[in-house]
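Peer 1: Given only the sequences and the hints, what does the whole structure look like? Please build it.
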Amino acid sequence: MGIRTTALALAADRAATLIEAIAERRDRAAFAEIYRYYAPRVKSFLMRSADADIAQEVAQEALISVWHKAASFDRRRASVATWIFAIARNKRIDQLRRTNRPPIEVGDWITVFASEDAGPHTSVSAVQLHGRMKVLLQRLPDDQKTILHKAFFEEKTHTVIAAELGLPLGTVKSRIRLSLLRLRAAMELDEKP
Amino acid sequence: MSNHRAPEEMLFDYAAGTLPPGPALAVAVHVALDPAARQVVDSLRAVAGALFEDHCAARQDETLASDDEIEAVLSRLDDAPAERHLPQSYAPPEFAWAPPVLARWLPQRPRWRRAFGGFRHIPIRLPGDAYRVSLTCLEPGRGLPQHGHVGAEFTVVMAGNFSDATGSYGVGDFAVGPGTGDHEPIAGPGAPCIALTVLERPVVLTGAWGRWMNPLVRRGML
Chain A
1 MGIRTTALAL
11 AADRAATLIE
21 AIAERRDRAA
31 FAEIYRYYAP
41 RVKSFLMRSA
51 DADIAQEVAQ
61 EALISVWHKA
71 ASFDRRRASV
81 ATWIFAIARN
91 KRIDQLRRTN
101 RPPIEVGDWI
111 TVFASEDAGP
121 HTSVSAVQLH
131 GRMKVLLQRL
141 PDDQKTILHK
151 AFFEEKTHTV
161 IAAELGLPLG
171 TVKSRIRLSL
181 LRLRAAMELD
191 EKP
Chain B
1 MSNHRAPEEM
11 LFDYAAGTLP
21 PGPALAVAVH
31 VALDPAARQV
41 VDSLRAVAGA
51 LFEDHCAARQ
61 DETLASDDEI
71 EAVLSRLDDA
81 PAERHLPQSY
91 APPEFAWAPP
101 VLARWLPQRP
111 RWRRAFGGFR
121 HIPIRLPGDA
131 YRVSLTCLEP
141 GRGLPQHGHV
151 GAEFTVVMAG
161 NFSDATGSYG
171 VGDFAVGPGT
181 GDHEPIAGPG
191 APCIALTVLE
201 RPVVLTGAWG
211 RWMNPLVRRG
221 ML
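Protein sequences appear in the order of chains A and B. Anchor point for the first sequence: position 75 equals 75 in my numbering, and the numbering is continuous, going up by one each time. Anchor point for the second sequence: position 38 equals 38 in my numbering, and the numbering is continuous, going up by one each time.
Think of the hints as simulated: they come from the structure by calculation, not from any bench. Take the hints with a grain of salt, since some may be wrong.
As the list claims (entries may be wrong) - So these bits of chain A aren't anywhere near chain B, every CB distance computed over 10 Å:
| no. | residue |
| --- | --- |
| 1 | 13 |
| 2 | 14 |
| 3 | 21 |
| 4 | 25 |
| 5 | 49 |
| 6 | 51 |
| 7 | 53 |
| 8 | 54 |
| 9 | 139 |
| 10 | 141 |
| 11 | 166 |
| 12 | 171 |
Said to hold, decoys possible - To give a feel for the contact side, a few chain A residues facing chain B, derived at Cβ under 10 Å:
| no. | residue |
| --- | --- |
| 13 | 38 |
| 14 | 42 |
| 15 | 45 |
| 16 | 60 |
| 17 | 67 |
| 18 | 134 |
| 19 | 152 |
| 20 | 157 |
| 21 | 165 |
For each residue, glycine too, the CB sits at the ideal point set by N, CA and C.
Peer 2: Put into structure tokens, the structure is as follows:
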């Protein structure tokens, strides 16, 4: 476990450095490395709502956005995985909604809030947090994980999830709350100096 | 200082991208103005990012990127000019309290309209949204006519403050309407209270005079 954790944390760190290299000097080798690692993941995420060809095309567009938006990445705010996931999801929403204006939260999170605050939570970088979060997630009970998956990957509200699982809304709320409390409590423990 | 956070499940659905546009805008404005809410949303997104990396890794073997594919994408990188940041939103100076995420949705030349009950408002149109979204401005010490709701109501304060039976709300605070109960929000003294209000259904005026106006309110004429 220990070795694996370190490797994951390193990978997250390395990914952040690669994005910074793209931002600072348009580093194509750095981009290729990012692409190799993330494009298949983005594609796999997109294949939940599109066939393989479209998923492939949208994944490429998402990664090309990564190239162009690299300067707005801030490792104190988000890990590369979180950031790329947000870009991928927005690409998908764009594709689904086909509206002319960007969805409401694209810009504000990626560009507007970038590096403006130095709140207490920035003492631990989001990138370091990412490695730990992955370990914590693996320890979550399956029923809690299922709900998180539905919410984040299938984009379902609490109400829809409750209907699908045949659970009362209150139960869904409390499972989500429980899993998030666990994750956040573990994070906060980590953040104590 | 009061501090009213949006309900946890709304912050969660916002972070997961599942809120409809109206409520999503209310939460976006709240998150822009309240660092604590922003921290919650950031950590929820960190959860999403970790889940994404973890979960999608399981399926990636079937879809590994080939060298050809990478070459093809590298050759497309310079096709488009570097994406500019979203155009900085240009709220007119008298709308300086509007965070950028809201300024983007203001009408070109926003102008306050008087509404029945002595307040002013500016309707905001979001694509594909069934909610009634508007800016509301209450003069200091003035109240909204007593009204009730048949659907959800979310209010985010951007300037000044107001209070009703549920508490007092300052800049960045998120108020959830009283359900089916009536309420009568009153702006604090000193400065006008400016808020974003998001309604699932038109309000129902419940005061002695107000109830006569309901047909007009439902048609969006007031």
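Peer 1: Can you give the numbers of the hints that this structure goes against, from lowest to highest?
Peer 2: Hint 21 is the one this structure does not satisfy, whereas the remaining hints hold.
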